[in-house]
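Peer 1: Sequence:
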Amino acid sequence: MFKNIISLSAFFVSAVLLFTGCKKTEYSFGAIKAPTGLTLNTVIAGVDASNPNGNGTGNVAITVAATNAITYNIDFGDGKTQVVPTGKINYRYTTPGTNEFTIVVNAIGTGGSISTISKKITVFVAFEIPTAIVTALTGGTSKTWVTDKGAVGHFGVGPANEFAPIWYAATPDSREACAYDDEISFSKDANNNITMTIDNKGQSFAIGAASAFYGFSGGDACFAMSIAAPRKLSFMDASTGSTAANSTRIAFTVPGNGIINFGTGGTSYEILAISATELSLRNIGIDGNSWYQKLKVK
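Under our numbering, the sequence shown has 218 at position 218, and the numbering climbs by one with no breaks.
Dumping the calculated DSSO-like pairs for lysine-lysine here, alpha-carbon to alpha-carbon at most 30 Å:
| # | residue 1 | residue 2 |
| --- | --- | --- |
| 1 | K33 | K80 |
| 2 | K119 | K88 |
| 3 | K232 | K298 |
| 4 | K188 | K201 |
| 5 | K201 | K149 |
| 6 | K88 | K33 |
| 7 | K298 | K149 |
Per label pair, the in silico range of CB-to-CB distance:
| # | residue 1 | residue 2 | range |
| --- | --- | --- | --- |
| 8 | A276 | A65 | 50 to 56 Å |
| 9 | E183 | G140 | 14 to 20 Å |
| 10 | V146 | S217 | 25 to 31 Å |
I should point out that these hints are in silico values taken from the structure, not numbers from a laboratory.
Glycine included, each C-beta is placed from N, C-alpha and C at the ideal position.
Take these sequences, add in the hints, and give me the full structure.
Peer 2: As structure tokens, this is what we get:
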């Protein structure tokens, strides 16, 4: 009986030792503290009265701060994210045009605790226009153009899937006088943003299909349009299906009514060809046709 008690005691001791040896080691990370007082501040480069969404560089200074935050995971709203331990980063948006982005920040605290904040910003990003086009269009500062009325096809039209005025190409000096006296100036700033100013001497020509677009009625005619205010152009890669054989593949949009030296109801223009003295443009009018104009340096 005594031997059995000893054997049973030994069994229990062994079992206790085995259980103790298999027990999982526990680690402590300290108290879990979620970040508090999370703030998100943004400064868009070049914002002023004339450039409410920035100077076109796309640069935005982002500053995030919180109590008990170890690091910050920033989603910039353009498909990119980055871990920023300091909470401070100068980020550059690259999507051309004026776009709204929602910045979402996850502030990470101890034990993986997270606090979140978000903010919407609107940023203007100027398309990086090829240097050769900037130089030819503006002369490096500002350059004034007029209709090249002596050139065949200075005013023309064709089907939307073509890149030449195969239906009609005006012969020299054959159009309305108001289509010939406009002075179109292209100017650039330090960030290569290009602004267009037009002196139309009080009237601009428009095709009949687009007269209502400009607030008038009737057929092809000269209309009293006020278009003197400077307009900042938005440049982009052309999406018309053109090739290097028939175009520079660079386009721009004119805000407002979109008119340059004559109106078609279209506001986006593709630069088919450009040199220091000649400029050939194509746009799709409100009638669905492709319209052409040729300019020369004044």
